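Could you slot chain B onto chain A? The hints should help.
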Amino acid sequence: MISKPSVGGTLLGLWLAVGAVAAPATDAPAPAAGPPTGGRSPFGASGALPPDAPKPSADPHDLRGLYYMHMAGPLLPGIDKKNPPLTPAGLAVFRQRLANHDAGLVPDDPQVQCRPMNAARMYGTGFPQVQIIQSANEIVILLMEDHITRRIALNGQHPAHLAPTYLGDSIGHWEGDTLVVDTIGFRDDSWLDETGTPGDHNEHLIERFRKVDGGSKLEDQVTIEDPGVFSQPLSFTVPFTWRPDATWDEIICEEGNRDAVDGSPSGAGAKP
Amino acid sequence: MMPSVFESRIGIRCLTLLFLMPGPAFARHPDFTGVWQATPKSAPLLPTSGPIPFDDRGAALYNAIQARTKVGDRSWDTLNQCIPPGTPRAMAQPYPFEIIQEPTRVSLLFQLQRLDRSISLTGHSNMSSDPTFMGDSLGHWEGNTLVIESANFKTTPDTFLNDSGAPHSDQLKVTERWSSVNPDTLKDEIKIEDPKFLTRPWHTVLVLRRLKHVAIAEDVCVDRVRAKH
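Residue numbers (this note's numbering), protein chains in the order written: chain A, 1 to 272; chain B, 1 to 229.
Same shape as in the complex, but just chain A:
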């Protein structure tokens, strides 16, 4: 079983890989394949692929498979705790969350309460394993952490009236060999990373995925706009590595946090 932060546990846990590259999003070199490991490794693969490992499809529009995402860490790239690019309103929420953490209050972090993460927060997930599943009309990004399932409807439109959700509403289309994913419809109480970078209903996540090195890597250029929270758009690039040999584990937040389910107090006064 893989451990993960429990309710009331440490907020800033151990981060296993640091590889995301802050803007400008250009041809930054990707980190070596496989995350660094220490102690018992939750990963079934590191270093070079075995010679008999399946090869990625040669089709640039076929992203199916299992990857390691090189995660950002407990703060999104470009967010500096002391001087974050946030509006006064965004800064107030961010500082309150930091103060709550410093005061030892149980945070109202949705993920710690076993709720889904904000879609942008996948770039700070604690586990790098990601599956991309694909049908004719849809691409699904499935994270190992908390089995976060991001459904991307291909060639569709956002619904006219969106009920806000944690993961938002994602649509995608191909621009040449780049999959462009557009996500809106987020909640006002969003945490974009584990530290508490805020997001609200104006959050707009744009991701541009393309295969590089014959599919042995994916390059993902991420832009987050949120005029109520960010003083300027946030951009960074996240590399993914083709790892068909990665081990997949089942991570069930509620299993270790049954008191989060039955309505136990969750740190009254710790909002936002």
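Relax, there's no trap hidden among the hints.
If we take Cβ atoms under 8 Å as the criterion, some of the chain B residues that face chain A in the derived model are: (1) T33; (2) Q81; (3) P84; (4) I100; (5) S107; (6) D116; (7) N126; (8) T132; (9) F133; (10) M134; (11) I216; (12) V220.
Rather than coming from a laboratory, the hints here were simulated on the basis of the structure. All values reported here derive from a predicted model rather than from experimental measurement. Don't be surprised by glycine CBs; every beta carbon is placed ideally from N, CA and C.
Here is chain B on its own, set in the frame of chain A:
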């Protein structure tokens, strides 16, 4: 009339050719990709005939669960604590789920708690060796039937086989045979084996109905369960 040796050879060659042609050979399998839901909406998952053949240990556990249910106590049901209901019970819940069928993998993506289950068709699974709620599934095609064998499950009292609370042990093996009755109806013939709790295997059938124009919603189990309290 028996075919001649010559006719048989032609038949075998044609069959071989069919298997060697990846496009057409794959295309003849039914395509289960889509959104599905059990019918009836909460499928009971009980044996097609007779009672569940529990041994003494399994019967004692099942009787205790049923006695609690009889007096209105369903606190045994970990589904109410957002614990995954496992395989096959997750498919029998009154929520839609998605199947995406690829040549080497069939993915089940549930609305319920965003659960997922991956069925590898390569003979090799990426699942870790730790037991899981949803199990480790390997599938293969037998003609037009997808045969799926799942094992390495977590056990009762964390999971149950059905809404009645039928228990299972770590020796549970679930064998499913998925076939297409018609493009909108999937029949899942299920065999349950569990030498620790059963005197013999038992069988049940789960019928899935294809849902059209239904989007999978975001399910926040914690909030759904709290709202019921």
